[in-house]
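Colleague: Given chain A, work out where chain B should sit, using these hints.
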Amino acid sequence: MRSSLFPLVLVLAIAACDNTITSSEPLPPLQAASLDSNAGSWSMIVLSRPTQFAVAAPAAETSAAYAAELAAIKAAQSKLTAAQRRAIEYWAGGGVLRWNQVVRELVARFSLPPAPRSDGTYPVPDPENPFADPQFPFANPPYAARAYSYVAVAQYEALKTAWYWKYQYNRPSPARLDGAVRALIPLGDLPAYPSEDAVLSGVTVEMLKVLFPAAVAEITQRAAEQRNAALWSGKAAASDIAAGLALGKAVAAVFIARAGADGMKNTVGNAAQWQALADSALARGEIPWISQETPARPPMLPNFGQVQAWLMTPAEVATERPPAPPSTSSAQMQQEVSEVRRTVEHLTREQLAIAYAWNDGAGTYTPPGHWNDIATEYIRGARMSEVRAARAFALLNMAMQDAAVGCWGVKFLYFNPRPGQLDPTIRTVIGLPNFPAYPSGHSTFSAAAAAVLSYLFPQAAPDFEAMKEEASISRLYGGIHYRSDIERGQEHGARIGGYVVRFAQLDGAN
Amino acid sequence: MTRGSTVLPFLLIALAAAPLRAQTIDDGLLVPRRAVGTGFLYAHDSWTRYWEGSLTRDNGNIGTLTTQSVTWVAGYGVTDRLSVMAMVPYVWTRASQGPLQGMGGVQDLTLAAKYQLLTTPLTDRGTLRAMVVGAAGIPASNYTPDFLPLSIGLASRWFSGRFTLNFQAREGWFLNGSAAYTWRTKVTLDRPAYYTAGQLYMSDEVAMPDMFDYTVSAGYQHGRLCIPISLSQRRTLGGGDIRRQDMPFVSNRMDFVKAAGLVMYRGMSLGASRIVSGRNVGQATTLTAGLFRTFHL
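For the protein sequence lines, the chains are A and B, in the order given. Counting along the first sequence from 1, when you hit position 25 you're at 24 in numbering that gives the first Met the number 0, and nothing is skipped either side. Counting along the second sequence from 1, when you hit position 183 you're at 182 in numbering that gives the first Met the number 0, and nothing is skipped either side.
Hints are supplied without guarantee of correctness; some may be wrong.
For lysine to any residue, the following SDA-like pairs were computed, each having C-alpha atoms within a straight-line distance of at most 20 Å [said to hold, decoys possible]:
(1) A/Lys248 <-> A/Ala216
(2) B/Lys185 <-> B/Asp209
(3) B/Lys185 <-> A/Gln100
(4) A/Lys73 <-> A/Arg84
(5) B/Lys185 <-> A/Ala260
(6) A/Lys208 <-> A/Ser279
(7) A/Lys73 <-> A/Ala216
(8) A/Lys208 <-> A/Gln100
(9) B/Lys185 <-> A/Lys264
(10) A/Lys264 <-> A/Asp125
(11) B/Lys185 <-> B/Val256
(12) A/Lys208 <-> B/Pro138
(13) A/Lys264 <-> A/Arg296
(14) B/Lys185 <-> A/Ala356
(15) B/Lys185 <-> B/Ala196
Quick caveat, the hints were computed from the structure, so don't treat them as lab data.
In isolation and in its complexed conformation, chain A is listed as follows (with noise of 0.2 Å):
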């Protein structure tokens, strides 16, 4: 027994010690398959035209002025630090694929609804005093869809008036006018000024301050590592940068003054509004939603559905809406309850495995979030150029922002309540949503991102196509849909997307 037992011990022992963790989505340095030279032609979503924004002409690489620039680069690659060379390597895996993966960690930092007070009542997250419990904001998914599709419609914008400057002017990098200029990362013939890095970091560190204020420190700090970094990588002078900063600062502003009058502001609602739902949903013969949780929770974000859609009119968001569901009294409600009873009680392992999956419930990176990471792998298998990156990301996550503004009108239109609410012997395996029923947020998500991820990488079309299916049906498995909310917000979520579909095939990138 003793020789038998110790030798196990033994490798437990050593199996115990590697104990390190290796993220899936490593970065390599970014070499795009092509320039995009012509993409300051492409459509523009909210700016007018790439000329809106003016960017004067650079100093002469002749001149004193450039020179001095040329220098101030040697000098610091003369002396890199290891943290230096970090920055350079990070940043080297591409500025747009590293931007999502922050506002990924950002989201999934605050999407934490605030702690009850002892009497009972909820505190709202106030934007004015974000470091405070509870903080701001609370990152739930429409707050996330949104935030998701700012930085990247911004940062799209932004990259197309850069590209179209950068033809204009037609300077190159740094190492490639000066020998003396070591190219520390693949460098392409992509024209240096303004610098896209400096666009990048402009634009998004100012969009980010107003959707994670708590977070400025750090958003900040890395805005700045990353401008460093095309510096010290040999990829763009001061001036390059300082020209590529101005411009992605100009282009959030015009962000920021949209995202203030987005209707954002109005989604909370009162209590009077809270109680209207309900009462209208009475009026109409039905069981209106009830909070599970204890103390009841006001539901999330009920006037999200008012909230200014990317590439959809507030006709369109009305005209697409889905059917109503069926009544909470009717036959085929009791059918559906009785389901999601029966496919509660008898989960196999693979179907809890599925809700955990696409669960990305409370303080994840939301299901927005997911389909980025899903994308990411598909962007940085395509080695796009940062442009065609921020389109790809543009294209994703306005769908899903507009996925989020029809799904949250359809579910307060309704005000349908969850199964467990009907049937209390319901028990749920992930955390129940705090708002209603119909349809299903997850559905509707994964058939707009499925529908623009298929269009933009038609050959994985199965692939996610089969997400989509196994995000939607994973609800079912954790209790808290039924089978016409995943039916009804597939359908509606699929009609959303070919919105973004359709923008897409006439925006001049292909």
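Modeller: Just chain B now, kept in the frame of chain A:
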């Protein structure tokens, strides 16, 4: 997580039986050579208050969290100086409020070997013993650790090395001190990303921090009666706190100080314990009852 008994505590897993008196992983006793002790231990563990990081609170969406378990335990005396032990629990959980479903299943198989380094008379008052214990655990079913506090365990493989000093006085009083270091393997979740300790991890694998446990116990032993009381502490050497209003996470820093008492008589045991302070664990009260038999081969 917020349950004190997630990785079944090393104390209070009594392997008691008539002539061989008590034996647990952290006591100073051995199974006599060629004797087999086996039995079952029932445990009822519940808490309403828990520590969210260092903040103590309750949660209306959980109410009282109850974890029950039935553990099969067995020990065998290989020689007069070496005993081996095995145990495997069936665990089930329940929340008294809120929508979350309880879970149940076979948790982790634990195997241990205890070796007596020395035994020496200390003056004419009693006997001093020193023991080393190697123990290892491995999940015995494919349960998820990603639904805390309702998951039945942490699903990590682990190995611990323990050193125990025991003084047994002639009059029946005894004093015991024990310390253990536990290494844990990473665990795999069913999801592709998670956030803990201030960082988003783009991976389904979670690094589990090591742990340090120590226990002091004292008691009285006479014939078939044994009454130990103990105070034990666990320090988890890393891991993040439960964030404000978040659920517990598998690699959280779960620390606690626990007071326990046990009465064993003629192969029966009754025990009680209470978490008196903690971090990212429930303020749990645990009651145990065991029945054990010994056979001589």
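Colleague: State for each hint whether it applies.
Modeller: To see whether the hints hold, each was checked on the structure:
1. A/Lys248 <-> A/Ala216: holds (17 Å)
2. B/Lys185 <-> B/Asp209: With a Cα-Cα distance of about 10 Å, the restraint between B/Lys185 and B/Asp209 holds, given a limit of 20 Å.
3. B/Lys185 <-> A/Gln100: violated (23 Å)
4. A/Lys73 <-> A/Arg84: holds (15 Å)
5. B/Lys185 <-> A/Ala260: Not OK: B/Lys185 and A/Ala260 at ~47 Å, beyond 20 Å, violated.
6. A/Lys208 <-> A/Ser279: violated (38 Å)
7. A/Lys73 <-> A/Ala216: This hinted pair is violated, its Cα atoms lying about 29 Å apart.
8. A/Lys208 <-> A/Gln100: holds (16 Å)
9. B/Lys185 <-> A/Lys264: Outside the cut-off at roughly 43 Å; violated.
10. A/Lys264 <-> A/Asp125: Distance ~11 Å between A/Lys264 and A/Asp125 Cα, so the pair holds.
11. B/Lys185 <-> B/Val256: violated (25 Å)
12. A/Lys208 <-> B/Pro138: violated (45 Å)
13. A/Lys264 <-> A/Arg296: Between A/Lys264 and A/Arg296 the Cα gap is close to 19 Å, so the pair holds against 20 Å.
14. B/Lys185 <-> A/Ala356: Judged against 20 Å, a Cα distance of about 18 Å means the pair holds.
15. B/Lys185 <-> B/Ala196: holds (15 Å)
Checked against the numbered hints above, the structure violates hints 3, 5, 6, 7, 9, 11 and 12; every other hint is satisfied.
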